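K.L.:
For the record, the sequence lines run as chains D and G. If you're matching positions, the first sequence starts at 1 in our numbering and goes up one per residue. If you're matching positions, the second sequence starts at 1001 in our numbering and goes up one per residue.
List time: in silico SDA-like cross-link candidates among lysine to any residue, alpha-carbon distance up to 20 Å:
{"hint": "1", "chain 1": "G", "residue 1": "K1073", "chain 2": "D", "residue 2": "P14"}
{"hint": "2", "chain 1": "D", "residue 1": "K231", "chain 2": "D", "residue 2": "E256"}
{"hint": "3", "chain 1": "G", "residue 1": "K1003", "chain 2": "D", "residue 2": "N52"}
{"hint": "4", "chain 1": "G", "residue 1": "K1003", "chain 2": "D", "residue 2": "L23"}
{"hint": "5", "chain 1": "D", "residue 1": "K30", "chain 2": "G", "residue 2": "P1020"}
{"hint": "6", "chain 1": "D", "residue 1": "K45", "chain 2": "G", "residue 2": "K1002"}
{"hint": "7", "chain 1": "G", "residue 1": "K1073", "chain 2": "D", "residue 2": "A57"}
{"hint": "8", "chain 1": "G", "residue 1": "K1144", "chain 2": "G", "residue 2": "L1087"}
{"hint": "9", "chain 1": "G", "residue 1": "K1002", "chain 2": "D", "residue 2": "A22"}
{"hint": "10", "chain 1": "D", "residue 1": "K91", "chain 2": "G", "residue 2": "E1119"}
{"hint": "11", "chain 1": "D", "residue 1": "K214", "chain 2": "D", "residue 2": "K234"}
{"hint": "12", "chain 1": "G", "residue 1": "K1003", "chain 2": "D", "residue 2": "R7"}
{"hint": "13", "chain 1": "G", "residue 1": "K1002", "chain 2": "D", "residue 2": "R7"}
{"hint": "14", "chain 1": "D", "residue 1": "K214", "chain 2": "D", "residue 2": "P230"}
{"hint": "15", "chain 1": "G", "residue 1": "K1002", "chain 2": "D", "residue 2": "V5"}
{"hint": "16", "chain 1": "G", "residue 1": "K1002", "chain 2": "D", "residue 2": "R26"}
{"hint": "17", "chain 1": "G", "residue 1": "K1144", "chain 2": "G", "residue 2": "E1096"}
{"hint": "18", "chain 1": "G", "residue 1": "K1002", "chain 2": "D", "residue 2": "L12"}
{"hint": "19", "chain 1": "D", "residue 1": "K234", "chain 2": "D", "residue 2": "N251"}
{"hint": "20", "chain 1": "D", "residue 1": "K91", "chain 2": "G", "residue 2": "N1120"}
{"hint": "21", "chain 1": "G", "residue 1": "K1002", "chain 2": "D", "residue 2": "D51"}
{"hint": "22", "chain 1": "D", "residue 1": "K234", "chain 2": "D", "residue 2": "S250"}
{"hint": "23", "chain 1": "G", "residue 1": "K1003", "chain 2": "G", "residue 2": "T1069"}
{"hint": "24", "chain 1": "D", "residue 1": "K214", "chain 2": "D", "residue 2": "D151"}
{"hint": "25", "chain 1": "D", "residue 1": "K214", "chain 2": "D", "residue 2": "A284"}
{"hint": "26", "chain 1": "G", "residue 1": "K1002", "chain 2": "D", "residue 2": "L58"}
{"hint": "27", "chain 1": "D", "residue 1": "K214", "chain 2": "D", "residue 2": "G238"}
{"hint": "28", "chain 1": "G", "residue 1": "K1073", "chain 2": "G", "residue 2": "H1004"}
{"hint": "29", "chain 1": "D", "residue 1": "K28", "chain 2": "G", "residue 2": "M1001"}
{"hint": "30", "chain 1": "G", "residue 1": "K1003", "chain 2": "D", "residue 2": "P14"}
{"hint": "31", "chain 1": "G", "residue 1": "K1003", "chain 2": "D", "residue 2": "V5"}
{"hint": "32", "chain 1": "G", "residue 1": "K1003", "chain 2": "D", "residue 2": "A57"}
{"hint": "33", "chain 1": "D", "residue 1": "K45", "chain 2": "G", "residue 2": "P1020"}
{"hint": "34", "chain 1": "G", "residue 1": "K1003", "chain 2": "D", "residue 2": "D51"}
{"hint": "35", "chain 1": "D", "residue 1": "K28", "chain 2": "D", "residue 2": "T162"}
{"hint": "36", "chain 1": "G", "residue 1": "K1002", "chain 2": "D", "residue 2": "A57"}
{"hint": "37", "chain 1": "G", "residue 1": "K1073", "chain 2": "D", "residue 2": "P60"}
{"hint": "38", "chain 1": "D", "residue 1": "K234", "chain 2": "D", "residue 2": "E244"}
It should be emphasised that the hints constitute simulated quantities derived from the structure, not laboratory data. Here the structure is a predicted model, which means the values were calculated and not measured.
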Amino acid sequence: MSSRVMRDFDLLLPESIEETIALLARHKDKSAVLAGGTDLLVALKFDYSIDNVISLALVPGLDELDFDPARGLTIGAKVTIADVLRSQDVKDNYPALWQAAQVFATPQLRNTATVLGNILRASPAGDCSAALYATGGSLLLKNAKGCRNIDLDDFWISYGVTARCVDELAISLHVPVPAQGEKSAFRRMTRTTEDLSKINAAVCLQMAGETCHKARVVMGCVGPTLLRLPKVEKMLAGAAVTPELLRDISNVVISEIAPIDDQRSSAEYRNKVAGVLVKRVIEAALNAKENDQ
Amino acid sequence: MKKHAITLTVNGEERDLIVPSNRTLLDALRDDLGYTDTKYGCGTGECGACTILVDGMTTINGCLTLAATMNGKSITTAAGLARNGHLHPVQEAFIENDAIQCGFCTPGMVLKTISLLDENPRPTEAEIRHGLEGNICRCTGYTKIVEAVQDASRRITGSNVSAIGE
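Given the sequences, and given the hints that come with them, work out the whole structure.
P.N.:
Below you can see the structure in the form of structure tokens.
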């Protein structure tokens, strides 16, 4: 018998999106949605309890991983990290997301954990979340009253807290078509790959030659949520990306983050390496060859 | 707490059982069905001792899966790998390369290796180490395990044995 036993709950197995939403409307904050379960079941073995677990296992229509050059990328609620990793479209068009998926947890967890689950977990250490925050995207949420789209920029409120209402089901994430000259990358630091990131970073740069027109720069594990670095983004916008600029950016990063000490690293260490990691992730995005991303 | 009637096909054998909502697949396999070759290590999806194959070659952690969500699935554990009294080539490679000490991680390692070689029959050492990141061994230091996987790769690709050994 396992030494870690989950508290009692009722497992509900709806067979359609409508049925799932009806269950959410009935049970509201007395329910949790189970997709991959790699976060939820661990929580249930420790300090979390909930009356109803609503599994998406039998719900059709949430498996879509589709790239359309005119519309962008759609990632359904049941799409796993392994699905993303197998997608040549993701590898070609969204390298930051693909790179985050590549180093995400372990093969077994990648087969089960979902991209949307990573976003909904609202951890500042979420690797795929960091990559997607850099590329930008919007979540489609649905409840009994209807649907709404919410930008990732507005989704994470604080540690573990999102803008999702308790009766809403996350249906899919939409990521826009990559802009002309868009380059992105993801990098992180861990002791071993299996560990959660001690610090991670993702960038999405719109380049024209050597000049960066627009930048989104994201850093994780340095605040209660994933953070964008507005000063760094401003320094990159309209600038030629030179070694001097990268050095200046590296020095500014520390003023935009607020890391803490925890079991994976210290605030002091994170402050020391953050600037270097941002410089490296920008270099990684710029140096990626067309067919080697 | 609700109970759920499910049917699992484990190592080719159909098994009916009734599980409470919070029963993990690992506990159902070990305690309800007797497949104690699947091990309980950390219980949190980190060590890989509970690795099983689902519907072919997909490896998952049994400890982080609710049994009641697996109705109708086909599961392979290490106990289901031998054919006609012969061990699977990956099992033979682990034995002959001394890739086993206490043996606790071995069922998970073997199943993960089978899945890895199915996807990539000739992996590099780096690919092997990346592929086995979800399986922790506290005895061997991994060198002999990597050698066993390389040997298994030669056995499977050399003899046209399919990865599942049929």
